[in-house]
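Trainee: Sequence order for the protein chains is H and X. The opening position of the first sequence corresponds to residue 26 in the numbering used here, with each subsequent residue numbered one higher. The opening position of the second sequence corresponds to residue 55 in the numbering used here, with each subsequent residue numbered one higher.
It is worth saying that the hints were derived from the structure and are not from the lab. Computed from a prediction, not measured in an experiment: that's the story for all the values here. Mixed in with the good hints, there may be bad ones.
Computed from the model, here is a short list of chain X residues facing chain H with C-beta under 8 Å [to be verified]: (1) 72; (2) 109; (3) 130; (4) 131; (5) 148; (6) 156; (7) 159; (8) 164; (9) 196; (10) 270.
Simulated coverage check for chain H against chain X, where a stretch passes if three residues somewhere in it have a Cβ under 8 Å from a Cβ of chain X [unchecked claim]: (11) 197-208; (12) 240-252.
Mimicking EDC-like on lysine to aspartate or glutamate, the simulated pairs with C-alpha atoms at most 16 Å apart in a straight line are [as the list claims (entries may be wrong)]: (13) 245/H with 143/X; (14) 228/X with 260/X; (15) 245/H with 243/X.
For every residue, glycine included, the Cβ atom is placed at its ideal position computed from N, Cα and C.
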Amino acid sequence: MSIAEVAQIFELPFMSRALIGLVVLAVAAAIVGLFVNLRDLEFISDGLTHAVFPGLVVGYLVGGTSWILAGALGAALVGAVILTLVDRRRVGSDAGIAVVLASMFSIGVVLISRSDGYVAELEQLLFGRLLTMTDVQLRQIVIVAVLAVVVVGATARLQLFRAFDLRGYRAAGLRDLQVDIALNIAVALIVVAGSQAIGNLMVLALLILPVGTARLVTRKLVGIVPIAVVVAVVTAVVGLVAGFELSVSHGLALSPSAVVVLVMIAVYLVVLLTSQTWLWAARRGARRRADSRAQNQTIGGVPGRTVQGAP
Amino acid sequence: MNQVGPDVIHIAGAAFSYGAQPALEGVTATIERGDAVALIGPNGSGKSTLLKGLLGLVPQTSGSLRVFGNTPRAARRITGFMPQTDELDPQFPVSLRQVVMMGRYRRLGALRWPSKADQRVVDAAIERVGLAAHAHTRFGELSGGQQQRGILARAIAAEPQLVLLDEPFNGLDKTNRDALLGLVRDLRDDGITVVTSTHDLQLARDVCSHVMLLNRTMVAYGTVDEALTLDHLERTFSGIGVEIDEHTVATPDHSHGATEPIASPGVDALHDERGPHGSHGAPRA
């Protein structure tokens, strides 16, 4: 497939909207996702996707599609504060998060199941409507995503210190509750922004996979977000084109956001495999060199000791 | 060190508790500018508790405690803390310099960009702990001793008046140990007050002006010569199977099941001071 053909696909208004939405989300999610990764907040983020769900439903039931955002924002703020407080309990915080996650999700399902034709609506809320996004929705996504980046950007320095060394952070007289709530609100905003485009459940992949991939490639802080953004944008384009081709040329009806996520996972796995193989080869090389050095030191037929576990 | 200076820390009958039972009680001491105090006691005796108490991180349940005439929490601004580094994630993607810059965050707040002056303070702190060549090395790639010096550099970068060190000499080789001893001396020369927990009586003798002996309550506090007597040591380490003679004081290291020497030849002086009593029998539990 030539570049011209790809460009042609994105000349279709619904495809260009999907691309812009995805790219904006991916960039914002990579920035917020950096701190999710550094703080190991993946499970809380999953909790937040579920906490936002009943908000989506209530918004939808109250005022239809145009009210989804308002409902989701309300649920996001409440969910972010509740999950921050639950997570600060040192013992049993995972159980607490799981309880919040399950109960919020059940409430959402119960609410939506009271409306007619709920299977279609449920599917839309969970998996998004990437190709039927309106201009208004696209604008909402951009605004909410930018808001999430502003919240994390304003606290980025404190987030870094807190993630690295909580004891040192507290001893320095800095407060952690505020930055914890700020980060969870930013994650919740990404979930809200992503819910309408790629769906409530798929948005977690955007937060976690590009940064996870980037951390396999670089160990430098400054490199992580740019690499994650490149990974996210490339996989978004490839996923959209692949989804388009499969459905238009091959007649397969697919969720485009699921295809994008699968491409992201594929890239993550390839990079993981490559980096592990590379590490393994480097270790083996180091061991071989150590062995041969030990052999050279063999005196009077006594074999040299094999050095194990070389870095 | 006997001249009257402004009190840095004033503690009277203080107790610190995590729960219902006090973890440490009966602490009374006045610590002046430029003093260096070694906190000595067995594992679980309250050394770390006192350090956290001085930061306002452990509730103080009785008595009074002022740091620079203020509450410990308010004094955090000019207090530097070097926690043990063993809990830090070695994969965390920050360089040594980025870690030391964290010492400036309290001054910078969330939004202000580090100025030239901030950069200079950070570079000077790294220089001072002798890690200039490693400034851009990933923190997790440094050795244990270098990491501890790096965390000390972070504390120094905050330009503190009081530095608290939690077991700074655990697991250090001779090079790192000497470097750290020199640093503590430098800090004192600059008029900075140092409080350090340690297992190492030699450290107390070499660089500290005062010693506080703890065993869930304060056993003794005073200058090194006043407080570091065999009698006090026996009371501090009683009931936990310590062995004390004129050369060594050893306490079982619970984490490794081995006997960990907590002092070496330095106890000679202590023996001299008390006269030739010969070998003291160890109180065995």
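Trainee: For every hint, state whether the structure bears it out.
Mentor: How the hints compare with the structure:
The restraint placing residue 72/X at the interface with chain H is violated, with a minimum CB-CB distance near 12 Å, outside the 8 Å limit. The beta carbon of residue 109/X is positioned within 8 Å of a beta carbon in chain H (closest approach about 5 Å), and the interface hint is therefore held. About 3 Å separates the beta-carbon of residue 130/X from the nearest beta-carbon of chain H, less than 8 Å, and the hint is met. Interface restraint check: residue 131/X against chain H, minimum CB-CB distance 6 Å, threshold 8 Å, status holds.
Proximity of residue 148/X to chain H holds as hinted, the smallest CB-CB distance being about 6 Å (cut-off 8 Å). Interface restraint check: residue 156/X against chain H, minimum CB-CB distance 5 Å, threshold 8 Å, status holds. Of the supplied interface hints, the one on residue 159/X holds, with its beta-carbon coming within about 6 Å of a beta-carbon of chain H, less than 8 Å. At its closest, the beta carbon of residue 164/X sits 6 Å from a beta carbon of chain H; the interface hint therefore holds under the 8 Å criterion.
A cut of 8 Å between beta carbons decides the hint on residue 196/X: the least distance to chain H is about 13 Å, and the hint is violated. A distance limit of 8 Å between C-beta atoms decides the matter here; for residue 270/X the minimum to chain H is near 22 Å, and the interface restraint is violated. Counting residues of the segment 197-208 of chain H whose C-beta sits closer than 8 Å to any C-beta of chain X gives 3, which meets the bar of three, so the coverage hint holds. Residues of the segment 240-252 of chain H lying with their CB closer than 8 Å to a CB of chain X number 6, which satisfies the three-residue condition for coverage.
Taking the CA atoms of residue 245/H and residue 143/X, the gap is about 14 Å. The hint holds against a cut of 16 Å. Proposed proximity of residue 228/X and residue 260/X is supported: the alpha carbons are some 14 Å apart, at most 16 Å. This hinted pair does not check out: residue 245/H and residue 243/X have alpha carbons roughly 37 Å apart, beyond 16 Å.
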